Amino acid sequence: MEKQRLKLKVNGQEHELYINPKTLLVEVIRDHLGLTGTKRGCDTVSCGACTVMIDDMAVKSCAVLAVQAEGRHVRTAEGLEKNGKLAPIQKAFLDQGSYQCGFCTPGMLMSCEALLEENPAPSPEEIREGIEGNICRCTGYNSIVRAMGAVAKGNYREE
Amino acid sequence: MKKYSVINTHVHNVDGIAKVTGRAIYTFDVKLPGMLYGKILRSPHPHAKILDIDYGKALDLPGVIGVVTGKDTLGVKQGIWRRYQDLCDEQILPVDKVRYIGEPVAAVAAMTEEIAEQALDLIDVQYEVLPAVYEPLDAIKKEAPEIHEGFERNINVTRHIEWGDVEGAFDEAEYIREDWFKCGGQAHMCMETRAAVSSYTPDGKLTVYHSSQSPYYMRGLLAGVLGLKESSIRVISHYVGGGFGGKFELDGAIFCSAVLSMKLCRPVKIVFTREEDFIATKRRTPMSYYVRTGVKKDGTFCAREAKVFTNGGAYTGMGATALYLTGFFHSFPYRWKGYRYDGYRVYTNTLPSTSMRGFGAPQAMWCSEQQIEWIAADLGLDSIEMRRKNAHYSGYEVPDQASIASCGIDQCFDVVQKWIKEKGKLPENRAIGLSAAGFMSGGIFNWFDSPYSFSSAVVTINYDGTVELHVGAQDIGQGSNTTLAIICAEALGVKIEDIKVHSGDTDHCPADLGAWGSRQTLMAGNAVKMAAEDAKKQLLEVAYAQSGFNIVYDLDIKNRWVHALARPERGYDYAELVKKAIRGKDGQRIVGRGYYTPHRKGMISPAYSYMMQAVEVEIDKDTGKIKLIDSLTAHDCGQPINHLGLIGQLEGAFSMAAGYGYLEYMPYEDGKLMNPNLVDYKVMRATEMPEVPVAEIDTYEPEGPYGAKEAGEGLTNPTAAAIGNAIFHALGVQMKECPIKPEMIVNALNEKEAKEKEGKE
Amino acid sequence: MSEPVKCPVCGKKAKTGSAIDCARHMFGTGDKPHRAWVEAQGLSFIDLLLEQATTPGNRSYVVLAEIIEKTQERLPE
Chain A
1 MEKQRLKLKV
11 NGQEHELYIN
21 PKTLLVEVIR
31 DHLGLTGTKR
41 GCDTVSCGAC
51 TVMIDDMAVK
61 SCAVLAVQAE
71 GRHVRTAEGL
81 EKNGKLAPIQ
91 KAFLDQGSYQ
101 CGFCTPGMLM
111 SCEALLEENP
121 APSPEEIREG
131 IEGNICRCTG
141 YNSIVRAMGA
151 VAKGNYREE
Chain B
1 MKKYSVINTH
11 VHNVDGIAKV
21 TGRAIYTFDV
31 KLPGMLYGKI
41 LRSPHPHAKI
51 LDIDYGKALD
61 LPGVIGVVTG
71 KDTLGVKQGI
81 WRRYQDLCDE
91 QILPVDKVRY
101 IGEPVAAVAA
111 MTEEIAEQAL
121 DLIDVQYEVL
131 PAVYEPLDAI
141 KKEAPEIHEG
151 FERNINVTRH
161 IEWGDVEGAF
171 DEAEYIREDW
181 FKCGGQAHMC
191 METRAAVSSY
201 TPDGKLTVYH
211 SSQSPYYMRG
221 LLAGVLGLKE
231 SSIRVISHYV
241 GGGFGGKFEL
251 DGAIFCSAVL
261 SMKLCRPVKI
271 VFTREEDFIA
281 TKRRTPMSYY
291 VRTGVKKDGT
301 FCAREAKVFT
311 NGGAYTGMGA
321 TALYLTGFFH
331 SFPYRWKGYR
341 YDGYRVYTNT
351 LPSTSMRGFG
361 APQAMWCSEQ
371 QIEWIAADLG
381 LDSIEMRRKN
391 AHYSGYEVPD
401 QASIASCGID
411 QCFDVVQKWI
421 KEKGKLPENR
431 AIGLSAAGFM
441 SGGIFNWFDS
451 PYSFSSAVVT
461 INYDGTVELH
471 VGAQDIGQGS
481 NTTLAIICAE
491 ALGVKIEDIK
501 VHSGDTDHCP
511 ADLGAWGSRQ
521 TLMAGNAVKM
531 AAEDAKKQLL
541 EVAYAQSGFN
551 IVYDLDIKNR
561 WVHALARPER
571 GYDYAELVKK
581 AIRGKDGQRI
591 VGRGYYTPHR
601 KGMISPAYSY
611 MMQAVEVEID
621 KDTGKIKLID
631 SLTAHDCGQP
641 INHLGLIGQL
651 EGAFSMAAGY
661 GYLEYMPYED
671 GKLMNPNLVD
681 YKVMRATEMP
691 EVPVAEIDTY
701 EPEGPYGAKE
711 AGEGLTNPTA
721 AAIGNAIFHA
731 LGVQMKECPI
741 KPEMIVNALN
751 EKEAKEKEGK
761 E
Chain C
1 MSEPVKCPVC
11 GKKAKTGSAI
21 DCARHMFGTG
31 DKPHRAWVEA
41 QGLSFIDLLL
51 EQATTPGNRS
61 YVVLAEIIEK
71 TQERLPE
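Residue numbers (the numbering used here), protein chains in the order written: chain A, 1 to 159; chain B, 1 to 761; chain C, 1 to 77.
No lab work stands behind these hints, which were simulated from the structure alone.
Worth double-checking, as some hints may not be accurate.
Unchecked claim - Here are the computed lysine-lysine pairs in the DSS-like style, where the Cα-Cα straight-line distance is at most 30 Å:
(1) Lys500/B <-> Lys82/A
(2) Lys627/B <-> Lys153/A
(3) Lys625/B <-> Lys752/B
What the hints assert, rightly or not - Not close to chain B: a few residues of chain C, all C-beta gaps over 12 Å, as computed:
(4) Gly11
(5) Leu43
(6) Asp47
Keep in mind that this is a model prediction, so the values were computed, not measured.
The beta-carbon is built from N, C-alpha and C at its ideal position, and this holds for glycine as well.
Here chain A stands alone, though its shape is the one from the complex (with noise of 0.2 Å):
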């Protein structure tokens, strides 16, 4: 197949790819892009560890073709940070310890956060749904749903 251009805004930043028009989103993000933050689990669609966020929707990277993500905004967890400074997810899955291996971290942290900007205040039954499509296989989930809720109410909101 022939090769196209593909201009892909990611976490803010423009760039301007030339690409196999097959190659899916997670392929761009790891490979072209060198973010490596976002993994790769399954060939199902079916772990969530290549969660990002296009605009404000999370979505499974492997699912998407990179094509399918010009125009738009793509954020993965390498973007929640500003200036090193981290997003109140982040600060609040240190404080839990939300994470073992850290494998699934990532699509999980991008999960979390559409979510949170979708609904600031979710129940932990919304919080359970919301992150149903991330496998975690250290966890068992409690402290990420543990995390979401101390952002929901609100404690590491910006002074």
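Please build the complex by placing chains B and C on the supplied structure of chain A, with the hints as guidance.
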């Protein structure tokens, strides 16, 4: 519980920033200059001779750099039980024959993953298909095909544990029950699949990035199979995306990438797809259990006898240890006058089985804790009081096997009883199921034949008082870097922020057996404590020299404050002392060394954790579907060290153990796994997890650092049985097979109804 | 017999000195010399092993222990 400055306080995981900002580089992410991508061609047959492999066409494909087969290796049969040569039976890239569907047969290195994948289709393998067997009871028949030469009737390993006069104890029993059980396998299903990047260079050195639970084991095993010196190999394993018992043996990724790299003198990366991870990485050992138990009418345990067959699959792996541990923990946590276990591990042409979190104990508890509940019901006894009557206690000796120095199981019973009482009457179709368990804190047996201490640590103090802590212990997500930093900070008297942990690199870290068998908190923790105390002693020597205090005064360092214990308010900053001490050593940093190997600690482990779990389960009678509503776990791990880490490990263990109870089936048909993907293989999701509150029981383990013992693996043991027991109490049916499928419940209910109808007619 | 039982193949003393312990040692070791000795007594090592695995009780060990017991009288000091 004692109050410490750092221990059991709310400490952030020391790898937190890297993990929550996407900066952590896993082997999955590693890219080296000139790196090639490797793919493995796998056997489609469960049992076949390899007659010929023709890869000429693959080499012709543009972008393919090289191909390797068993003929490119030394043909060494390797295994992790190095001390027992006949159990070292796996070539990984076999030379003569394949023994399971999915076994590697050849490996290709190419410029891209896509090209490597295409090249696989161009390799022509000539097989002579042989008859295959898939179940132990078929594999032991006289007419079964021989899977490994010299293993009569495919019996791989046998284990026998016995104490007391078993026949006599059965004669004393007033009630005897016998039951047959089946325990399934389970996939480790680490979020990071098996991954390795091997780089062999013209100076004869091999550097390997590996997603591993033990870089030290990998270095030793690679040296053996590649004919290299251990010192010529460097294994790096900084961040690991989960292990759970599946990543401390050589796997296809590390082996094939190393062989390719040595042939081509280029870095080669192999990452398993999720499907490969399911079909070609060893799994939890499936077992069939026969249990006969004799008790007195008042519930006193007399005798137990278990006969177990385990499905070893095609190779030994860590199966020999699982075979022993299942039989040992099948007696836990109770005293038996007479106990006998006969375990047989049998080769079959299926995916090899090995260690997985719990190491044979989840299977043992599935059988034991359910049968105990049924016995209590048969005799009309309270099952908790019956357990209490027969439980271990501090100071108990498991005959010829173990000394129990600390045991909090009795307090566990109290906590659970209280919780059940407070719950009161439950809604219809809901019931609480119970299970007790106990587990080891590392093993005493040196089957790897290591010449080094089981754990070692080096503490180096810099001029500004910060500390470089070098350990061989591997963090795979369980938080060992943090736990060991906490112990170091407490022992030395500094703050957690002062410690920088170095681990996961065999070039820079001391040898350590690695993260398995729940050994690191106790063993590496002891080594770290010793090293920190060694360094502190050197500092205090200088402090004493200049103190002018009367000889009766003791000095100590706490929270970076050097002081006399009797006069804590009069002291000075630890950093001042460090500067003086380094000047006193002619500018040399203060270095403390520590190590630990268990000596004369019985047959299994230096220390044991104990727990009792209650799970509230709701069952839909019509569909057989299960919902976990609530739970309580009373847990004795001695002194907790890493508070956040502990909670995380216990909750995580629950999700994996519950998965073994009712979700994670691995159906095989003619040696082929039918659900090698995450659509069909079900794991716990956030919506299915109940709350997992844990009541910590206060005990002190003399062998552990600050009284600590294992936490996080033991709790994988009880949940399947607890779920089974809940079903028993809700519906009156006995689950013999795990994982429990909904149709098993429905069928059991139908059978029960049919029997009751028969009884009435 | 108060003398601890010695293994007729390798001379190793059984742990508690009983013939049953010696039988345990033989099954546990399972190497060629021990298997060959058992076969030479007219027993099938593998059939004994399999019987132990598939039937309740300790019959296989008891059978082997009885035979080991008999050899003790004939063993040189």
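Item to complete: Against the earlier hints, flag every one the structure doesn't satisfy and list their numbers going up.
Response: 6
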